[in-house]
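> Using full-length UniProt numbering, the letters of the sequence shown correspond one by one to residues 1 to 119.
These are calculated hints, taken from the structure and not from any lab test. Accuracy of the hints is not assured; some may be wrong.
To be verified - In silico SDA-like cross-links for lysine to any residue, where the CA-CA straight-line distance does not exceed 25 Å: (1) 81 - 37; (2) 105 - 82; (3) 81 - 60.
Claimed, not checked - Estimated spans, in silico, between C-beta atoms of each pair: (4) 88 - 39: 43 to 51 Å; (5) 38 - 3: 28 to 36 Å; (6) 24 - 4: 16 to 24 Å; (7) 3 - 50: 21 to 29 Å; (8) 42 - 104: 29 to 37 Å.
We put the CB at the ideal spot given by N, CA and C, even for glycine.
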Amino acid sequence: MADEVVLLDTWVSIFGMRVRIALAEKGVNYEYKEENLRDKSPLLLQMNPIHKKIPVLIHNGKPITESAIIVQYIDEVWIEKSPILPSDPYQRAQARFWVDYIDKKSHLGIKFKLSSSHF
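Let the hints inform the model, and build the full structure from the sequences given.
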């Protein structure tokens, strides 16, 4: 039986882009569902009831949320292709540091931009 993989995302999301790149690197076929963040779908609210945000990877009906966690999950599940993270523990820790750093810096920039924008 083939895996059922669905990605709830929006094309402008840098966090979703991270997941799309990981899926492409691993050669995973998936269904892409574009989300309207001003009118969230019932599926998004069901699959991510706590944060109610994208991206959400749904693998065989089970949701995985938070882009860094999703990428780690993809790396662990689809092991046929080269790993996304280095095998050396120190190098892996360094990669995770930079992911965390970028997450924190990007979040602040996006928050500032959204708070200063006029919709």
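> With reference to the structure, classify each hint as holding or not holding.
Checked hints:
1. 81 - 37: 33 Å, violated
2. 105 - 82: Given pair residue 105, residue 82 is violated - Cα atoms ~28 Å apart, limit 25 Å.
3. 81 - 60: Holds, at roughly 20 Å.
4. 88 - 39: 43 to 51 Å: 45 Å, holds
5. 38 - 3: 28 to 36 Å: Cβ of residue 38 to Cβ of residue 3: about 31 Å, so the range 28 to 36 Å holds.
6. 24 - 4: 16 to 24 Å: 18 Å, holds
7. 3 - 50: 21 to 29 Å: 24 Å, holds
8. 42 - 104: 29 to 37 Å: 31 Å, holds
Consistency note: the structure conflicts with the earlier hints numbered 1 and 2.
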